[in-house]
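**Q** Let chain L serve as the given structure and place chain B on it in line with the hints.
There are 2 protein chains.
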Amino acid sequence: MNRFFEPQSIAVIGASKNRSKGGYRILENLIEWGYTGRIYPVNPQADEILGLKVFPSVSSLPEIPDLAVLVVPREMVLDVVEEAGKFGIDRMIIVANRFSDGDAEGQKLEESLVELTESMGIRVLGPNSIGVVNTKIGLVTSILPLEAYKKGGVSFIGQTGMFLGGFARWITSSQYFGIDKVAILGNKCDLDEADMIEYFGSEKSCNVIALYLEGVKDGRKFLKKAANVAGKKPLLILKSGRTRIGARATASHTGSMSGEDRVFDAAMKQVHAIRVYDFDELFDLAKALSYFADWPSVKGERVGVVSVSGAGCVLSADAISDCGLMLSDLSEDTIKRVISTYPPGWMVQNPIDMWSAIEEVGADEAYLKITQAVMEDPEVDGVSIIFMVIPTVTEMDIRRFVQAIKVYEKPFAICFMGGDMRVVDDWERIIEEEKVPVYHSPERAIRAIGTVLRWKNGKV
Amino acid sequence: MNRFFEPQSIAVIGASKNRSKGGYRILENLIEWGYTGRIYPVNPQADEILGLKVFPSVSSLPEIPDLAVLVVPREMVLDVVEEAGKFGIDRMIIVANRFSDGDAEGQKLEESLVELTESMGIRVLGPNSIGVVNTKIGLVTSILPLEAYKKGGVSFIGQTGMFLGGFARWITSSQYFGIDKVAILGNKCDLDEADMIEYFGSEKSCNVIALYLEGVKDGRKFLKKAANVAGKKPLLILKSGRTRIGARATASHTGSMSGEDRVFDAAMKQVHAIRVYDFDELFDLAKALSYFADWPSVKGERVGVVSVSGAGCVLSADAISDCGLMLSDLSEDTIKRVISTYPPGWMVQNPIDMWSAIEEVGADEAYLKITQAVMEDPEVDGVSIIFMVIPTVTEMDIRRFVQAIKVYEKPFAICFMGGDMRVVDDWERIIEEEKVPVYHSPERAIRAIGTVLRWKNGKV
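Just so you know, the protein sequences line up as chains L and B, in that order.
To convert a position in the first sequence, counted from 1, into the working numbering, add 100.
To convert a position in the second sequence, counted from 1, into the working numbering, add 100.
So that you can see chain L by itself, here it is in the shape it has in the complex (with noise of 0.2 Å):
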């Protein structure tokens, strides 16, 4: 596998000088990621794409690379894997779609792929495959244009390339965790979901490891790998074609079988994996556990909750019960100190609503000492805190306080309930560039501090 995400050296069979075609989009995104190793674009008909040196044939190539990426139309398929199989190529990428995803041509088409490349030993990604992404190394072989992700802890395996292309883009955009590795499956006639977890398991610079998948090739793989990593390093799994009619979507799309949901719901906790349900919270929790997981471990899942509305302390509440959580209960020591930056004749109790602390003594000081005294408390392992981000409010130093709260090394999550969004854009770049994970309900923050909390506690 290290050959795929490693490789020393790279061929692009397919390489085009119009910069419209994946042949050439490949090769100017190793160039603008800085893959570190060589490339060797393949064309009969060029000299130079891009400043490279372009090859009439694989045979020509001065070495055999580790991989080979083929962007070629699924005709050419069959031939140019066998010369590239027969000059030593033994890992090789294949973009081509309309194989087992398309009509009955390509059904065949695939099974004769499997065939040959069984027989002269080649591992392959795809059919309908644009590859992977490491970004240690600035490996990337996807076929559209693609800004240079961050570099952080989170690895993704997707189905399609729409994954790569899509949500990647969105996370470099709209996001400020990194990642490690992305593989993008395709029709999986050769390499499968099981190999990705098995390989990102065993990757130190991969914290967490997030799944998208239609349907698993082979279940008893799936979950014999998912099982041993599982246990080490957080396994998040979105898996769509729950229902009946997704089943059938799903069919059409990537040709996978999605099975009973029931069964593999129970194989999901069986195994440790963390089940999600859409998008946005495979990233909600990807990144949480990504931040935190150096952190040590916590004894339970006793959340205090800091929050500067009341509706957020009630909603926050609701989402505690939900989620099996529980609500901290705040000893009288800290009651006492949270107490004091209130005018007289207040109770408070967990969850703390704040606001008319913030009235006495100001958003900076009360946040900054409520939260610390929540922290402090032995009965509480994580902590939700949340803004409105409004007069009075705006006037805090955020980085300072979230400096301030990190010390204590228990995760917390920061909430935002409405507020201006142009501040609250730049108050979160500034919360995420500390590695604290930002979200914007109440109902999310406690799903994501619950998450890390069973993670930490051997719960999940």
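Hints are computed from structural coordinates only; laboratory data are not their basis.
Computed from a predicted structure; not experimentally measured.
Be aware that a few hints might be false.
Copies of one chain are not kept apart here, so a pair can be met inside one copy or by any two copies together.
[What the hints assert, rightly or not] Derived lysine-lysine pairs resembling DSSO-like cross-links, with alpha carbons at most 30 Å apart:
(1) Lys251 to Lys506
(2) Lys121 to Lys469
(3) Lys324 to Lys121
(4) Lys208 to Lys436
(5) Lys153 to Lys236
(6) Lys250 to Lys399
(7) Lys332 to Lys236
(8) Lys317 to Lys399
(9) Lys153 to Lys117
(10) Lys304 to Lys436
(11) Lys251 to Lys121
(12) Lys399 to Lys304
(13) Lys304 to Lys321
(14) Lys236 to Lys535
(15) Lys399 to Lys369
(16) Lys304 to Lys117
(17) Lys208 to Lys506
**A** For chain B alone, coordinates are given in the frame of chain L:
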């Protein structure tokens, strides 16, 4: 109620020259929002604030104002109410908190307040309320600075001030739908959610009522008014304090009793209110119902899905199943029209995975022809259209596309999965300016479309 929402004159008792005080900010907001009535600041120690003549006492006012907003400490509230009541003012908003939401003394004060106002025939909104908004006449009583809202059809009923200041600010800065009126109930010593529902129900400028509730003051009255309105106008209800833990938090926030949730849920179904579970869902559905308020009714709940991504198809299909909707069974003629945009040999079904059509004829033509075919199919009641803003797709003229699809007057949503946020933000603005709702996940788009179809089908 008219005098609360369409006062021709308003007294601000406790007006202030201090820019950081609520008594200053109300005046500032009224001026900036262009309030069309007469403003009477009352303060014994000032002559002029913000160019407005200040009156030393209520009794020195040149007329009996339709409405008074009391921005005085709780200790002074009873005296001021009595003085203003004697002068003839019988509509008052009381801003001060720490009444029944505070200590025992506050509890007693609120009881005295109720006694006093009832005996004098004064109607009260509050205490612990920052009042009302009516965008039509520039009426706003917020004690925090507030940018003017966009005018529109959605009216909100909230429990405490955070809604007006926090969420409204978020709506103004990040959303495109407009607001008609807002009522903040506070402690509901007199006027409550039922009164507001009845009033908003009778207002033509309001086409959706959205309610955040921690508890119901008078269950029977609430159900009666809700039943009267919810048949004619969509009534969205977010009720927190659903769980035991949440209910405990509620009690300390607004002193509301939240009761048994299953009972509430059954009652909401009975009166045809639409229950939601978080603020995202509240806004998601409010804008869709408002945008499509004047569109014709529909025959069923059969949904078509047009998606650039196979994953979008499968996730939408799952969501259609989760929401109890149906996937449209497209006619042969529709299929034929759709397939004419694909390379030879393709098969399509609903949900339509259109990537290959985009590759064949370009994004503009593929989206337009396929969506038009789907819209024209009598088996289709509503459509979800999924975009990934990636190269190729970005070349589309999105405004022209949306305008061409709107002519069918079948409810539809645009969903963005991933993509470059900088472009997505821009497209979102263009689409929502056309009064078509945008979502960022297939699940949320389907939920919104489904709710609109049910509403227009008489099945809510």
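**Q** Against this structure, judge whether each hint is valid.
**A** Quick rundown of the hints versus the structure:
no.	hint	result
1	Lys251 to Lys506	within (22 Å within a copy, 42 Å between copies)
2	Lys121 to Lys469	between (58 Å within a copy, 25 Å between copies)
3	Lys324 to Lys121	neither (40 Å within a copy, 64 Å between copies)
4	Lys208 to Lys436	between (74 Å within a copy, 26 Å between copies)
5	Lys153 to Lys236	within (25 Å within a copy, 68 Å between copies)
6	Lys250 to Lys399	neither (33 Å within a copy, 48 Å between copies)
7	Lys332 to Lys236	within (22 Å within a copy, 59 Å between copies)
8	Lys317 to Lys399	neither (38 Å within a copy, 41 Å between copies)
9	Lys153 to Lys117	within (12 Å within a copy, 75 Å between copies)
10	Lys304 to Lys436	neither (44 Å within a copy, 51 Å between copies)
11	Lys251 to Lys121	within (27 Å within a copy, 47 Å between copies)
12	Lys399 to Lys304	within (25 Å within a copy, 56 Å between copies)
13	Lys304 to Lys321	within (22 Å within a copy, 62 Å between copies)
14	Lys236 to Lys535	within (19 Å within a copy, 44 Å between copies)
15	Lys399 to Lys369	within (21 Å within a copy, 42 Å between copies)
16	Lys304 to Lys117	neither (38 Å within a copy, 62 Å between copies)
17	Lys208 to Lys506	neither (57 Å within a copy, 43 Å between copies)
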